[in-house]
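Generate the whole structure from the sequences, applying the supplied hints.
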Amino acid sequence: MFVIDCPNCGPRDQSEFTYAGEAHIARPTETENMTDAEWAEFVFMRTNTKGLFAERWWHATGCRKFFNMLRNTATDEIHAVYRIGETPPKVTANLPATPAGEASIGSGNDAVKIMTRDEEAAS
Amino acid sequence: MSQPYRVPGRGLINRDRSVSFTFDGREIAGYEGDTIASALLANGEIMVGRSFKYHRPRGIVGAGSDDPAAMVQIGSDPASTDPNVMVTTREIHAGLEARSQNCWPSLKYDVGVLNDVFMRFFPAGFYYKTFMGSDRFRWLNWMTFEPFIRRAAGLGKAPTRPDPDSYESVNRHCDVLVIGAGPAGLAAAANAARSGARVILVEEGDRLGGSLNATDPDGTTIGGKAPADWIVAQTAKLAEHPEVTVLTRTTAFGYYAMNFVGLIERVKDHLPEHRRDRRQPRQRVWRVRAKQVVLATGAIERPLVFNENDRPGIMLAGAVRTFLHRHGVLAGKRVLIFTNNDSAWQTAFDIRAAGGEVAGIVDLRRELSETMALRALKAGIAVHPRTAIVGTHGRHRIDSAFVSSLDDDGNVRGSRSRIECDLIAVSGGWNPNVALFAQSRGKLKWDAELASFRPGLSWQQERSAGACNGTMELQEVLAEGSKAGLEAARAADFTVRAVKQPEVETDAVQSLNLVPVWQVPSGLPREKTKAFVDLQDDVKASDLQLATEEGYDSVEHTKRYTTQGMGTDQGKISNVNAFGIMAEARGITVPEVGTTTFRQPYRPVTIGALGGQHVGPHFMPRRGTPMHAWHLEQKAIFEPVGDWLRARAYPKPGESFHDAVQREAKAARTTAGMLDATTLGKIDIRGKDARTFLNRVYTNAWLKLAPGRCRYGLMLGEDGMVSDDGVTACIADDHFHMTTTTGGAASVLQKLEDYLQTEWPDLDVWLTTVTEQWAVAAVCGPKAEEIVASVVDGIDLDPEEFPFMTWQDGTAGGIPVRVFRVSFTGETSYEINIPATYGRWLWEELIAAGKPHGLTPYGTEAMHLLRAEKGFIIVGQETDGTVTPGDLRMDWAVAKKKGDFIGKRSLSRSDTARDDRKQLVGLLTIDGDHVPMEGAQIIGTAEEPAPPVPMLGHVTSAYFSPNLGRSIAMAMVRRGGQRMGETVWIARLGDKPVPAKIVHYDFLGDAVGESA
Amino acid sequence: MNATLTAPVRRSPLAHRSAVSAPDDLLHLSERAFDAKIVLRGLPEVLAPAVGKVTGLAMPEATRSTANETHRLLWQSPDEFLLLGPVDGELELMAALTAELDGQHVQIVNVTDYHTTLVLSGPKARETLMTLSTLDLHPRGFALDQVAGTTFGHALGWLVQTRDDEAEGGPSFEILVRWSHADYLFCELTHGARAFGMPEARPVSGEKMEI
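Chains A, B and C, in that order, give the protein sequences.
Each residue of the first sequence is one higher than the one before, counting from 0 in numbering that gives the first Met the number 0.
Each residue of the second sequence is one higher than the one before, counting from 0 in numbering that gives the first Met the number 0.
Each residue of the third sequence is one higher than the one before, counting from 0 in numbering that gives the first Met the number 0.
Calculated directly from the structure, the hints in this document are not laboratory data.
If you're wondering where the values come from, they're calculated on a predicted model, not measured in any experiment.
Ideal placement from N, C-alpha and C gives every residue a C-beta, glycine not left out.
Some hints here could point you the wrong way.
Which chain B residues face chain C? A few, computed with CB under 7 Å, are given here [unchecked claim]: (1) N170; (2) H172; (3) L609; (4) V614; (5) G615; (6) Q633; (7) F656; (8) W759; (9) P760; (10) D763; (11) W765; (12) T767; (13) A835; (14) T836; (15) R839; (16) W840.
Structure below.
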């Protein structure tokens, strides 16, 4: 269970929130002029990022406001919450080196259970 | 009862209070403060159960929750019996009944032991190879064999009746959570507490002190105090701080994201029945959200892996010390020590000091510390350096060990000699207990001196202190604990000054000088060596080596193939040995092999405790309307709709459900019927842009709907599929009252808020749910007007004056009501909305007023039937998320000319616009008495062809209509709209397809007439 | 008016329950039904003059409430507030606020019957709430006049602390809970307080489901 820092209500348990999908996907306005493929891109296609991902949450039991959140999906680290309409802040994240890889720490997955020699040398 | 293994004057048990319990029906005597294990050992019993696969005798190995296999079944009541309880953690009390598990007919004479005789034929992966790997035994056969294999295996028996005990879960926030109340944890908690921080200190055992309770009380002082006195002083200091919570008999079982830690408190298990407070739960789960965590979980000793090392009587050297100092029990009369490090020597010294006999110290190392050797000499203990135990003897308890000396390469040299002993105290080193650290997703680091993993890089807000951090010397452990407590409090924004540390004086062996030996040589060929690694799952070193030879390189795959580290103990004492053996087999280092995943829970947690108080009647809210009690009084049959419980039908005494539905549906069209429609979602919509908003969320046009009027609307997703429907009334130009389906109420509001907040923030519209503000009674039928007129004032109810799809305000008994002339049955209908607190009153007034007119309350089943007669859809019954308005042949509800609305563009996508989609039609079976099954497939031939059967669609709703005197059905059929009058067949499982005619779905229109 | 009608009877969602207490005044739980309850949607600066004039209350800060002897105003979101007032006062309040806010971009909705109010007070009130709520309910985490919309077990509700911990009788909390969750929550609170000697209320059940 995460703690999510609602921009209106402050830090609350994840059980109060509803996930609401990828952020920053604006609904097209001139839909009549769009091709099927363009429209399908809006309706169906999402990026499924491993790494830093902007997503929307809804504080269902509290203020009932939607807001944006920057989460590292590789580690579940929450880097920022910001309001609808705002641009995502710049953050430094512990990202996977490759799309199929692991963040250096935080996923608990096999590849990063044990410190590397470089990490040992640095510590 | 003599308790011949009890040592006078030792132990922290209460010798003034004798306690006896039963083990396999025999009475066992112990004292208050004993565990089942210590009481059994005091009475010379060491064998407790049999192993999982080979049914080999298993004894007590550890002294705490690390013990792998000494488990019993507690109690025999089919409801409350508790399987797989570790004898090393369960405190005894009067009335406790323990039984050995996994053996039949008795512990000592077990039929399953045949598996042991055939051990050579059960190598790693035996079941997979035999039942899945070959062509002869494919999956189907695995299914056949599995139940038999599972029955032969298995541990304790699960209870078969509902759990009579109660459980509870509670939430807590704290600044510093300290896990483990040994010297490091006590120091951490005391230092954090001084800051005023909210501190929770968790101890798995029944008393604070941890490893200090397993230390010779005469050999150590802390700040000049005996260990026990120091513990008392620390405890007293903690008690001075009101923000400190100390939980004993509590295990931190899971470390989750963002410092969320699950604790399981065993509240009453240690108490006899008559002392259990009925108001307290049996166990309690604490869901703790901590700003900072201090891990002080100690270290777990690992055994040596040697031939015939699984006999009862082979125990960890540290456990022998724990039983001696904590429980006053010396587990053997003649104890042989077997070790590769210094720590086990302390066991020899402690046994001698307690007056016991040491058969010798067998040490794998060549280089031994001179001071220790001298100390052994003084104590009269024989020392065998560079020697190994290569075999043991004794069926239900060892009686001797065979030892051989080793050459420079570590191989067995020369002949075996026999040493008589009834206990072997063994140590292969100490593993920092990093389970919670690893669960927190921290990274481990290999410590060559310990030959084990310890915490490396932290990921969450935690720090490790003491033995779990690889720090073994008491003075350093206390310093590290104090520092961790201070740092944690400061990191949680508290201010605290360091204080002077107490000086430790001890003659205890604190050095390790460990020489790792992952598998002790036996001088025998591999297939004849029974060197067990995992005592619970019967995994031998040879199984791991075989798996490696077969190509299992990944540690996770090897685990699954051999079952190493599975089961209730999760390999606490065995995993590092297993990794070492795998590393040797592959010629790489242990950190290169890696570790398996340390999963939650750290130790088994009763499912009931996880369910907490949310069981039985407390499982979920049973949402009822203000009229709910009336429905209950009428003995209605209910159905769940979301969390709501709605009356489904009101059978009269002796009447069947089917007959009740038929009667109710008939009455609604011939006299009058009344439905509790309270659960429909209701949203108050207000703002100057409300019309524009509705125009965008519904498929039809809303700009011209006049105040006082109502309109039906379909709501789509952006994919063009129908997601909800309902009637919305115009209250004023800028004010609307929307209704949604019962199940869709919450999701529609979320969706509407989503569009308002994120896509159209420029629209001036407010939304507020009023679902439960109003109780709704829907009265319909020929007599409805008369009945409503005798209750509602201020409205001319004549349908001419109060036409269909309008609403008016009136009063009932002086209470304001709002009446909607909308209908879900096709009959003249009045939906009366009254503030919910008057709902029950209104309902009863209507029932009374309707009595002379034959008013019949009807439930949701008759409602479904009545709407189907009229051909009204139910979202979620006719639709399934793949159905467009066109598919429903409801194009009339879609305004082609208005601007954009949600899902509009999707209606012209090539897939949604194609003309061969399934469409909603009515079906009349040729045999009017036959009611097809909902969900039945529709085919185009009278006989079912061979598979794959071409299917045209399926039945969505089907009823026997009392008003038409025949069956009616709705169905989605390919090109259905173009097939009016055609015959199709409804497939039946194992029966002949039933012919039916496609008709328009308004059965009250001319559909039935046409077919006749 | 139709002469055949009986006099209207108003029933609260917990009309079938009576107030319960744990021994030694450790805890009291009761329903306070029929308070006037009005949702106000709009920006606080738009609502403030009307609210001040009608109720005498200032607009609350985020996650707080303001109160006087007759009214309490709960913050629910930056543009949503819940006004509580005297029993049977809802229509009068609605009318007064509507008149004051005429022509403004606001919404005024009567939700008097939507919720009921559970009052939980006494020295063990916080611990009892902790059995159901994930909020930080320590006095350092939740204080007088604070407000939170959250879940209590599976029920939704708005929690507000209305009496200070130091006051005689200990802290008092009110939970505004929707009609259909009220019985569940009432029972869960008594269930969670068993350890303090609270008599346990069992949820209404016995609905026949099977046919």
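Q633/B as an interface hint toward chain C, with CB separation required under 7 Å = violated, 11 Å
Hinted contact H172/B with chain C - closest CB pair below 7 Å | At 4 Å from the nearest chain C Cβ, H172/B passes the 7 Å test, so the hint holds.
Given T767/B was flagged as interface, is its beta-carbon under 7 Å from a beta-carbon of chain C?
-> holds, 5 Å
Is the interface hint for D763/B satisfied, with its Cβ closer than 7 Å to some Cβ of chain C?
-> At about 5 Å, which falls below the 7 Å cut-off, the nearest Cβ of chain C leaves the hint on D763/B intact, so it holds.
With a cut-off of 7 Å on the beta carbons, see whether A835/B makes it to chain C.
-> holds, 4 Å
Interface hint for G615/B, Cβ within 7 Å of any Cβ on chain C | Result: violated, 9 Å to nearest chain C Cβ.
Restraint outcome when L609/B is required to lie within 7 Å of chain C by C-beta distance = With a minimum Cβ separation of about 15 Å from chain C (threshold 7 Å), the hint on L609/B is violated.
Under the criterion of a CB-CB separation shorter than 7 Å, is F656/B in contact with chain C as hinted?
-> holds, 4 Å
Interface restraint verdict for P760/B against chain C (beta-carbon cut-off 7 Å) | violated, 11 Å
Identify whether the interface hint at V614/B stands, where standing means a beta carbon of chain C within less than 7 Å of its own.
-> It is violated, given that the least Cβ distance between V614/B and chain C is near 10 Å, above 7 Å.
For the hint on W765/B, does the least C-beta distance to chain C fall short of 7 Å?
-> holds, 4 Å
Should the interface hint for T836/B be scored as holding, given a Cβ-Cβ cut-off of 7 Å against chain C?
-> holds, 5 Å
In the structure shown, a violation is registered for the earlier hints numbered 3, 4, 5, 6, 8, 9, in ascending order.
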